[in-house]
Amino acid sequence: MKQTQLSFKTSGRGTYNITPDVQEFVQQQGVQIGLCHIFVQHTSASLMLCENADPQVRDDLETFMSNIVPDGDPMFLHTDEGPDDMSAHVRSILTTSSLTISINNGRCALGTWQGIYLWEHRTSNFTRKVIVTIQK
Amino acid sequence: MKQTQLSFKTSGRGTYNITPDVQEFVQQQGVQIGLCHIFVQHTSASLMLCENADPQVRDDLETFMSNIVPDGDPMFLHTDEGPDDMSAHVRSILTTSSLTISINNGRCALGTWQGIYLWEHRTSNFTRKVIVTIQK
Amino acid sequence: MKQTQLSFKTSGRGTYNITPDVQEFVQQQGVQIGLCHIFVQHTSASLMLCENADPQVRDDLETFMSNIVPDGDPMFLHTDEGPDDMSAHVRSILTTSSLTISINNGRCALGTWQGIYLWEHRTSNFTRKVIVTIQK
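Protein chains in written order, with our numbering: chain A, 1 to 136; chain B, 1 to 136; chain C, 1 to 136.
Be careful, since some hints might not be right.
Remember, identical chains collapse to one label, so a pair may be satisfied in a single copy or spanning two.
[To be verified] Derived lysine to any residue pairs resembling SDA-like cross-links, with alpha carbons at most 20 angstroms apart: (1) LYS9 x PHE25; (2) LYS129 x GLY115; (3) LYS2 x HIS78; (4) LYS136 x PHE25; (5) LYS136 x VAL31; (6) LYS129 x GLY14; (7) LYS129 x SER11.
Bear in mind the hints are in silico, worked out from the structure with no lab data behind them.
Model the full structure from these sequences, guided by the hints.
Put into structure tokens, the structure is as follows:
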């Protein structure tokens, strides 16, 4: 089992394509058949596998989330860090903190249209830590 | 680690019980204690563990998703492939692209009421590829 | 691979912090680098990684879920076990039945604010079975 910790600086809410970083680490291990586990050590950023060709898909996902979990919704009590605080936690719960992806032929066996994205749910800047673990 | 790729032909939106296919592959490996990882290589179909006794549960899940992510919602910009295109991506994100299930006694250790379902979110027919990986 | 089954008695809808139980089992294995897989064998209770400092975060998650998936919603057909039956299935699908967490230095490598919670979605009392599997 090989493990590394990656760091990503985010500049506000949005999706960040981390596919190249993950695939590079996988390829370095020389694992033909295995699994790649990706884990975000935060509760206000998450991971997703998403369509990777048309950026409007990710714009639409933002729109959807903004509608279903509005920032500053008066039903939320946990507002210490501002209107994007609690909504970020809900968005993280509705998506996922970890992904496990099949490895085949030495690479994450992503479908043609699948990309790996880190989703920053806070509106300000953060450094997000992601642990990648490779199993063969 | 043993890995196979399964293919499922879907005939429109709905849930497809893939429990027998997965359990058969697990049992062939003779693994007493382990993990079974299932990965769908698409961004408009997903996986879920769902109640397996009353089909109305899955009907109700369809109703819920149709209400919360309506096809053709005018807020969506990504509409190239029709009104079920972007809603299918959102439904996939709200559910999951991969499942990892404990193996015990040579089988996926599903609870009494748990079944493994492939959820086709597009309204037309597709062939969906699913990679199953067994670890001991 | 080491595996155990834990049981948790729930007393109605709400979140139960199972971090100590999981970490104790992980530490007993003496695994420096690995993965911890947690699997709930039910379709009306789920797992989540959530902010662990302010209980209002989990109160707000309850409020959010109660709003988006109301108990007894007349759109649901599966009502055999009461108004919290189908909503519990939907809540489980929107969250997750399993978590996989990186192990580093002999412990689940949780971020500072991450806790592992069992989320009971039914309003009455249950015994929930959770399988924990450790890989090195």
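Structure-based check of each hint:
For the identical chains of this complex, LYS9 and PHE25 are intra-copy neighbours only, at 18 angstroms inside a copy versus 34 angstroms across copies, given an alpha-carbon limit of 20 angstroms. Within a single copy, LYS129 and GLY115 get their C-alpha atoms as close as 19 angstroms, and across copies as close as 16 angstroms, so both meet the 20 angstroms cut-off. For the identical chains of this complex, LYS2 and HIS78 are neighbours neither inside a copy (38 angstroms) nor across copies (38 angstroms), given an alpha-carbon limit of 20 angstroms. For the identical chains of this complex, LYS136 and PHE25 are neighbours both inside a copy (14 angstroms) and across copies (19 angstroms), given an alpha-carbon limit of 20 angstroms.
For the homomeric pair LYS136 and VAL31, the shortest alpha-carbon distances inside one copy (6 angstroms) and between copies (16 angstroms) are both at most 20 angstroms. Taking the closest pair of Cα atoms, LYS129 and GLY14 come within 20 angstroms of each other only inside a single copy of the chain (16 angstroms); across copies the shortest separation is 29 angstroms, beyond that limit. In this homomeric assembly, LYS129 and SER11 come within 20 angstroms of each other (Cα to Cα) only inside a single copy, at 14 angstroms, whereas the closest approach across copies is 35 angstroms.
Going through the hint list in order, the structure does not satisfy hint 3, though it satisfies all others.
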